[in-house]
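Enquirer: Taking the hints into account, I'd like the entire structure generated from these sequences.
Read in UniProt numbering, the sequence shown has 78 at position 78, and its numbers run on one by one without any break.
Don't read these hints as lab results, they were simulated from the structure. By construction, the Cβ of each residue, glycine as well, lies at the ideal position given by its N, Cα and C atoms. A couple of the hints might just be wrong.
Taking CB as the label site, the calculated pair distances span [what the hints assert, rightly or not]:
no.: 1; residue 1: Gln50; residue 2: Pro78; range: 20 to 28 Å
no.: 2; residue 1: Phe6; residue 2: Arg89; range: 27 to 35 Å
no.: 3; residue 1: Asp70; residue 2: Ser7; range: 33 to 41 Å
no.: 4; residue 1: Gln98; residue 2: Phe6; range: 15 to 23 Å
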Amino acid sequence: MALNLFSNLPDSVVHGEAEIFDILLSAPGIKIERILSTGQASPPGFWYCQSQSEWVVVIRGSAGVKFEEDDTVRILHPGDSVHIPAHCRHRVEWTDPQEPTLWLAVHYSP
1 MALNLFSNLP DSVVHGEAEI FDILLSAPGI KIERILSTGQ ASPPGFWYCQ
51 SQSEWVVVIR GSAGVKFEED DTVRILHPGD SVHIPAHCRH RVEWTDPQEP
101 TLWLAVHYSP
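Expert: Shown next, in the form of structure tokens:
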């Protein structure tokens, strides 16, 4: 079955509202999500710490992802990706408030 990542997307997500998560594939040991963000970020002081590894790529828009271990914000633009090992504490510092940021996230068992 063919799928277009840009199909059925709203024009934007209103800043301050929840991001939109669509599960594109879910099978034992793997989940692939399409995420649409507009200005959303992790809450202050909140860190993700997931039991699965994750690889994310920005398709459009931009975002800043921060890792607790080195306190560096990695800025992601279209085509940029980052691997997040299981149990690696990280957070989304920001997503573009003007242009919707479209992510593709692959969660998998280490």
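Enquirer: None of the hints should be skipped; say for each whether it holds.
Expert: Consistency of the hints with the structure:
At roughly 24 Å, the beta carbons of Gln50 and Pro78 sit within the given window of 20 to 28 Å. Taken as a hint, the range 27 to 35 Å holds for the pair Phe6 and Arg89, whose Cβ atoms sit roughly 32 Å apart. Taking the beta carbon of each, Asp70 and Ser7 are about 37 Å apart, inside 33 to 41 Å as hinted. At about 18 Å, the beta-carbon gap between Gln98 and Phe6 stays in the expected band of 15 to 23 Å.
In this structure, every one of the numbered hints holds.
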